[in-house]
Each structure stands twice: as structure tokens, then as C-alpha cells.
Amino acid sequence: MRILSLIKDRLINIKLKDLIILVFLGSVFLSSENFVNKENTVKFYFTVFSFLFITLYLVFLKNEKIKIVLKEITSFSILKGFYVVGVLQSLYAICQYLGWFTTNNHFFPITGSFDNPAGFSAVLSMLLPIGVIWCLKSKKLERYLLTLSLGLMCFSIVASGSRAGVLAVIVSTIFVFISEFQLISKIKNSKKTKAFVTVFIVLLVIVLIGLYKLKLNSANGRLLIWKVSTEMIKDKPLIGFGYNGFKAHYMDYQAKYFKQNPKSQYSQLADNVSHPFNEFIKIIVNYGALGLLTTFVVIFFFFKRILRLDPFKRNLFLGILVSFFVFSFFSYPLHYTPVWFLLIYSTLIVVLGKTPKKVFSKKTKAIIGAICFAGIVFFSFSMYLELKWKKIATKSLQGQTEQMQPEYKHMYPYLKYNVLFLYNYGAELNYIEQYNESITLLDECKQQFNDYDVQMLLADNYYNIGNTKMAIKTYEYAEQMIPCRFLPLYKQFEIYQKEKKTLKAKEIAEKIIKKEVKVKSSAVELMITEAQNYLSLEKPESSETSEYKGRVYGNEK
1 MRILSLIKDR LINIKLKDLI ILVFLGSVFL SSENFVNKEN TVKFYFTVFS
51 FLFITLYLVF LKNEKIKIVL KEITSFSILK GFYVVGVLQS LYAICQYLGW
101 FTTNNHFFPI TGSFDNPAGF SAVLSMLLPI GVIWCLKSKK LERYLLTLSL
151 GLMCFSIVAS GSRAGVLAVI VSTIFVFISE FQLISKIKNS KKTKAFVTVF
201 IVLLVIVLIG LYKLKLNSAN GRLLIWKVST EMIKDKPLIG FGYNGFKAHY
251 MDYQAKYFKQ NPKSQYSQLA DNVSHPFNEF IKIIVNYGAL GLLTTFVVIF
301 FFFKRILRLD PFKRNLFLGI LVSFFVFSFF SYPLHYTPVW FLLIYSTLIV
351 VLGKTPKKVF SKKTKAIIGA ICFAGIVFFS FSMYLELKWK KIATKSLQGQ
401 TEQMQPEYKH MYPYLKYNVL FLYNYGAELN YIEQYNESIT LLDECKQQFN
451 DYDVQMLLAD NYYNIGNTKM AIKTYEYAEQ MIPCRFLPLY KQFEIYQKEK
501 KTLKAKEIAE KIIKKEVKVK SSAVELMITE AQNYLSLEKP ESSETSEYKG
551 RVYGNEK
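Numbering-wise (UniProt numbering), the sequence shown opens with residue 1 and increments by one.
A hint or two may mislead.
Unchecked claim - Label pairs and their in silico Cβ distance ranges:
(1) Trp-100 with Ile-239: 45 to 53 Å
(2) Phe-381 with Phe-301: 34 to 42 Å
(3) Lys-473 with Lys-416: 42 to 50 Å
(4) Tyr-431 with His-410: 17 to 25 Å
(5) Leu-537 with Phe-381: 36 to 44 Å
(6) Phe-303 with Tyr-412: 38 to 46 Å
(7) Val-207 with Phe-76: 27 to 35 Å
(8) Gly-466 with Ser-218: 25 to 33 Å
(9) Ala-370 with Lys-473: 49 to 57 Å
(10) Phe-303 with Gln-403: 55 to 63 Å
(11) Met-470 with Phe-49: 21 to 29 Å
To be verified - Listed below are the simulated EDC-like cross-link pairs for lysine to aspartate or glutamate, each with C-alpha atoms no more than 20 Å apart in a straight line:
(12) Lys-473 with Asp-453
(13) Lys-473 with Glu-499
(14) Lys-80 with Asp-310
(15) Lys-137 with Asp-115
(16) Lys-409 with Asp-443
(17) Lys-304 with Asp-271
(18) Lys-259 with Glu-476
(19) Lys-395 with Glu-433
(20) Lys-215 with Asp-271
(21) Lys-247 with Asp-271
These aren't lab readings, by the way, just hints derived from the structure by calculation.
Just so it is clear, CB atoms sit at the ideal spot from N, CA and C, and this is done for glycine as well.
Sequences are here, hints too, so could you generate the full structure?
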């Protein structure tokens with residue numbers, strides 16, 4: 001027993017800091033094909049289990065030992081370790097940029113170990129203030145190496161194309177320099193203060209305009225999302241739409257917007273949207289003004305606590321948080337596990353401040369231990385379901401769809417709150433021609449998550465059960481959601497042809513031909529060609545038909 005006790009003491013005293021850094025390393029780099037979302041899900045479970053097991057282990061230590069541990073985990077060396085992880089991630093991303101490694105999304109040259117540049121740049125932009133302060137406090141060779149690493153990190157963020165990341169880096173770096181060199185206090189009560197503030201604001205505006213014009217369509221697309229989101233806020237300003245409210249209702253509002261504004265300049269920029277690209281807008285849409293007010297109150301008291309820290313820690317954690325908040329205004333950093341890791345770790349350090357004199361009573365330890373144990377059981381079962389879902393989804397795609405239906409049915413009670421599972425299950429039912437069952441699943445999915453793909457699948461179900469009226473209506477709704485898509489129009493065109501409704505078929509064919517192409521593809525070209533062939537082969541049956549044909553050919557370019 002004494003040997004085991006010594007081993008335990010050595011593990012805690014020597015390895016805990018390293019263990020925390022290793023957990024962060026896993027939260028950044030891990031990925032697994034065994035999950036439906038290979039980049040993000042394994043990161044989440046690894047981090048959660050690590051946190052629960054570490055907490056559970058600490059609970060069984062004596063209070064004096066816990067005090068030592070709490071003192072150790074506030075060490076700057078842990079943050080240095082986090083920064084090194086960030087440097088490794090930036091090197092990995094640069095290798096992707098050079099073509100040595102493949103990215104996780106073929107639309108982007110850099111994703112790091114994430115699903116797109118948003119997660120990559122969110123993590124690196126939060127780690128960069130650590131490197132800046134470390135560099136300012138270091139000397140000679142160490143400073144040169146840190147300067148090089150900061151350059152690599154900045155290059156990888158810029159190369160990723162993340163404008164939110166670039167802006168977060170610029171603002172947080174300026175903030176750190178102002179804080180570290182006390183620039184505000186040095187020019188206090190002088191004309192230089194106004195000049196400094198004016199120059200800063202002008203430069204910030206120039207940077208914002210530059211980033212806006214860098215990807216104009218993408219930026220305007222976000223303006224559309226924010227504009228539509230304001231309509232959601234107007235309808236439920238106080239308490240919002242609830243958990244997953246944005247996912248469930250945003251696309252309905254986007255469809256309403258384009259129905260009311262059919263010639264909108266934003267129609268070519270529309271797409272499926274599941275996040276408003278602003279964490280604060282998401283909070284107010286989901287939980288209303290009360291939710292946003294609660295968030296601001298928590299942030300206010302948290303910042304008050306930070307200001308009580310010594311200057312070194314204060315500047316460090318303010319730099320991290322400034323970067324996070326800037327990024328949050330233009331993207332979705334809270335979607336990624338390492339961001340939560342950094343926020344929780346920062347909160348822990350800020351709340352602890354100095355090593356507490358009192359730790360936990362036996363009763364408190366028992367409660368924490370019970371919660372951790374329950375968490376381990378819950379997340380173990382949750383992970384088991386995720387792994388099983390991936391297996392049956394893979395087998396279904398390999399041609400065993402009908403054989404996998406009992407498995408889907410068995411898992412439904414446990415995963416019915418997972419919107420991606422509901423959509424996947426509904427799609428598989430559609431594939432094996434169980435259309436009514438698919439409609440039921442997708443209607444349930446719509447309550448938590450609704451988008452263009454859900455509507456298109458529903459429309460196909462309605463058509464195949466003979467409800468062409470509902471199919472047409474649903475295809476029209478999908479078209480309103482994303483006006484630049486051709487498929488909803490083409491599907492309507494097919495239905496009208498099969499039903500021998502010539503006038504309606506010609507009307508839709510004209511729309512297809514006139515429609516502006518957003519992204520050229522062979523599929524779109526085929527749809528346009530079929531519409532043109534149909535109009536050229538059909539003979540006018542009335543003056544109304546001739547008018548339609550004349551309008552089409554008269555406007556060809």
C-alpha cells in the first residue's frame with residue numbers, strides 16, 4: 001500500500017501539469033473515423049472523460065495535497081505547454097498548405113485537425129496572446145524562437161483565410177502591447193490620448209473594411225444572416241426560441257425573407273445556415289434578452305475578478321478573452337472543444353486566484369465524486385451510441401440499408417434528440433421506399449433542425465406517396481430557402497411534365513433557363529439543357545403558351 005501511495009504521490013506531484021497539457025493536445029489533434037463527425041466528436045469525448053477522471057481522482061486526495069495540486073495547475077508552464085501545442089498545430093496546417101498533408105475540407109487549403117478553418121483559427125488566435133506575453137518576458141535565443149513561432153502561427157491563420165482569426169489576432173496583440181507597456185497610463189491626461197485613440201479607431205476601421213472586401217460575397221452572406229436573425233429576435237425578444245431554436249427556425253425565416261424580397265441582392269449568397277456566425281446573436285435568438293443579459297452579467301463579474309489578479313496574469317487572461325470575444329462576433333468558436341477547454345481553464349485560474357485556504361469538506365467531495373461517476377457512466381453510454389450509429393450508417397451506405405433498419409429503430413429512443421441522427425434515419429427510410437415513416441421522422445427533425453436538405457427529402461417523400469400537391473409546395477419552400485439552387489425548380493419541372501401540365505412545365509422551364517448560375521456544374525448544365533430542349537420541342541397550344549416561349553427566347557443572352 002505504501003508503494004502504491006508513493007506512486008500516486010509522484011504521479012500527482014510530477015505528472016499533473018504534463019497530463020493537463022496532454023489532454024489539451026488531444027482536444028486539438030485527435031480525430032477518428034469511428035465517429036460520424038470524425039474531427040470533433042472524439043475531441044469532445046476525450047476531453048470530457050479526461051476532466052471527469054482527473055476530478056474524480058483529486059476528490060480522493062487529502063485537502064493538503066489538493067492545495068498543492070491547485071497551486072501547480074495555476075503555473076504559467078501549463079499555458080506555455082498550450083502554446084507549444086498551438087505551434088505544432090500551425091506547423092501541421094502549413095504542411096497542409098504546402099500540399100504535404102490533405103485538409104479535412106477540400107474547399108479550404110488549411111483546416112488543421114478541424115473540420116474547417118474556423119476551429120483552427122479560433123484555437124490559435126486564443127493561444128497567440130500567450131506566445132506574445134511569453135516572448136516579451138523572455139530573452140535572447142528564447143525570444144528569437146518565440147518570435148519565429150509567432151510568425152508561423154500568424155502566417156497559418158492568414159493562410160487559412162479566416163478573417164475572424166486575423167481580426168482577433170490584431171486586436172488581442174494590440175491589447176497585450178498596450179497592457180504590458182502601460183501605454184494608456186503613459187499618455188494619460190494629455191492630447192496624445194485622443195490622438196492615440198483616434199489612430200487606433202481609424203486603423204481598426206481600415207482593417208475591418210479590408211477584411212470585408214477580402215471575401216465580399218462571404219461577408220455579405222453573413223450580413224444576410226444577421227438581417228434575418230433580427231426578424232427572429234423581433235418575434236421572440238424576451239425568452240427566445242429555446243435550445244436549438246436557431247437551427248430549428250432560421251431557415252423558415254430565410255424562406256420568408258426571400259418570399260417577401262424575391263429580387264433581393266442576397267439571393268445568390270443564400271445557403272444552408274445552422275449558426276448565425278455570432279455567438280451573441282445565437283444567445284439572444286435562443287434565449288432572448290434575458291439570456292443575453294444573464295451572459296453579460298456573468299462576463300462583467302468575471303472581468304471584475306480578472307482585474308484583481310496580478311498584472312502578469314491579468315494581461316494574459318484578458319488577452320485570451322479579448323481574442324475570444326472578437327472571434328465570437330464573427331464566427332462560432334464555442335462549437336469547438338479546445339476553445340471550451342481554454343475558457344474553462346482560464347475561468348478556473350481566475351476564480352481560484354491564490355491557493356484557497358479551505359478546499360472541500362468530505363460531504364462536498366462525496367457529491368463531486370458522485371457527479372463525476374454519473375458523468376462517466378452517462379458519457380460512456382453516449383459514446384457507445386455514437387460509435388454504434390457510425391457502424392450502422394457505414395453498413396447502410398455499403399448496401400445493407402434494409403438489414404440495418406432494426407438497428408436504427410432500436411437506437412431511435414436514445415438518439416431521437418440528435419438532429420443529425422433523425423435526418424440520417426429519415427434519409428435511409430426514404431432510400432428503402434418507406435416514405436410515410438420517413439416523413440414522420442423528418443417532421444420530428446424539423447422541430448429541432450430544419451433546412452433545405454430536410455425540405456428536399458420531405459418533398460421527395462410526398463411525391464412518392466402520390467401527394468404531388470404537397471411535393472410541389474415543399475419544393476417551392478426549399479427554393480425560397482435557397483433561391484440560387486436549381487434542383488427544387490427542376491423537380492417541379494419533372495412533376496409537371498409527368499402530369500402533362502404543359503403550361504406549368506413551360507413556366508418552370510423558363511425560370512430554369514433565366515436563372516443565374518452561382519456555381520457552374522455538369523448537373524446544372526444538364527437541367528438547363530433539358531429545360532431548353534423541352535421548350536424547343538413543345539408547340540404552342542395557346543396565346544398564353546406563346547407568350548411564355550417568347551419571354552424565354554427574347555431574354556436569352
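Here is how each hint holds up against the structure:
{"no.": "1", "hint": "Trp-100 with Ile-239: 45 to 53 Å", "in the structure": "50 Å, holds"}
{"no.": "2", "hint": "Phe-381 with Phe-301: 34 to 42 Å", "in the structure": "36 Å, holds"}
{"no.": "3", "hint": "Lys-473 with Lys-416: 42 to 50 Å", "in the structure": "27 Å, violated"}
{"no.": "4", "hint": "Tyr-431 with His-410: 17 to 25 Å", "in the structure": "19 Å, holds"}
{"no.": "5", "hint": "Leu-537 with Phe-381: 36 to 44 Å", "in the structure": "60 Å, violated"}
{"no.": "6", "hint": "Phe-303 with Tyr-412: 38 to 46 Å", "in the structure": "45 Å, holds"}
{"no.": "7", "hint": "Val-207 with Phe-76: 27 to 35 Å", "in the structure": "30 Å, holds"}
{"no.": "8", "hint": "Gly-466 with Ser-218: 25 to 33 Å", "in the structure": "42 Å, violated"}
{"no.": "9", "hint": "Ala-370 with Lys-473: 49 to 57 Å", "in the structure": "52 Å, holds"}
{"no.": "10", "hint": "Phe-303 with Gln-403: 55 to 63 Å", "in the structure": "56 Å, holds"}
{"no.": "11", "hint": "Met-470 with Phe-49: 21 to 29 Å", "in the structure": "46 Å, violated"}
{"no.": "12", "hint": "Lys-473 with Asp-453", "in the structure": "15 Å, holds"}
{"no.": "13", "hint": "Lys-473 with Glu-499", "in the structure": "15 Å, holds"}
{"no.": "14", "hint": "Lys-80 with Asp-310", "in the structure": "18 Å, holds"}
{"no.": "15", "hint": "Lys-137 with Asp-115", "in the structure": "35 Å, violated"}
{"no.": "16", "hint": "Lys-409 with Asp-443", "in the structure": "16 Å, holds"}
{"no.": "17", "hint": "Lys-304 with Asp-271", "in the structure": "41 Å, violated"}
{"no.": "18", "hint": "Lys-259 with Glu-476", "in the structure": "10 Å, holds"}
{"no.": "19", "hint": "Lys-395 with Glu-433", "in the structure": "18 Å, holds"}
{"no.": "20", "hint": "Lys-215 with Asp-271", "in the structure": "16 Å, holds"}
{"no.": "21", "hint": "Lys-247 with Asp-271", "in the structure": "13 Å, holds"}
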